[in-house]
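Peer 1: Sequence:
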Amino acid sequence: MSSLRNAVKRVEHKERAQPASRRKLGLLEKHKDYVLRARNYGKKRDRMQALKLKAAMKNPDEFYFAMHRKKTEGGVHVLDGAETLPHDVVQLLKTQDLGYVSTHRSADERKAAKLRESLHMLEAGPRNKHTIFFDSEKEAKEFDVAKHFDTVPELADRAFNRPRKDTLEKAQVTGATNRRQLKKVLKKRDASYSELMQRLERAEKMKKAEVHLEAQRKVMNSKGTKRKVQEAKDGRPAVYRWKKERSR
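Position 106, counted from 1, in the sequence shown is what our numbering calls 94; the numbers after and before it change by one each time, with no gaps.
The set of hints was computed from the structure by calculation and includes no laboratory data.
Be careful, since some hints might not be right.
[Stated by the list, open to error] Using 25 Å as the maximum straight-line C-alpha spacing, the simulated DMTMM-like pairs for lysine to aspartate or glutamate come out as follows:
hint	residue 1	residue 2
1	Lys99	Glu198
2	Lys211	Glu233
3	Lys171	Glu105
Start from the sequences, fold in the hints, and give me the full structure.
Peer 2: Next up, the structure:
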């Protein structure tokens, strides 16, 4: 019975718009708008109550020795006398970051290559439309898609793999045979294309990060006096120039 209940067309209840006499007040707030506004208000109210409770419970005589090394600048805590990491430690961290980025970039490129091999028409734009011209409106109204393409009505809605009747008598049709299966196949294909684009974009970002890390590592490993001649821009790393020294 549930399948029959879903097959019957139901009345679509629509929310009314803002009356003409109240149009000056803007759009009429719907239930979903009220829910968002109420949740936002409740979130801010709970946050303010938590901050007020935290301020009320704070001990004014609280003290710990780290206060000697800390101060605030513009409301932000700044730690004085912070020890910097040694040069060799920073160099090792840069090398590890470079290896991590390079590994993930290679993995994304390999997976994108496999997806590209499994998909078809990668560089194509939107699907083509089959346009048919008529001499009169009567011909357009009496037009039969299945008769025009010499196929069965079940396959008339297909834009691809639409065999003729004589082909159906000799061979078996492969692929989706109804609208639900076709929709499922198209949804899976769109998900694969979306994953492919995401992996390509991530691989491109990883490649830019790899170039920056490689440049930083080379600068740290270099010797001699250097100066920066160009800042990093458009995804390219900064450019340095070293002072020429006579070899001994």
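Peer 1: For each hint given before, does the structure comply? Return the numbers of the non-compliant ones in rising order.
Peer 2: none
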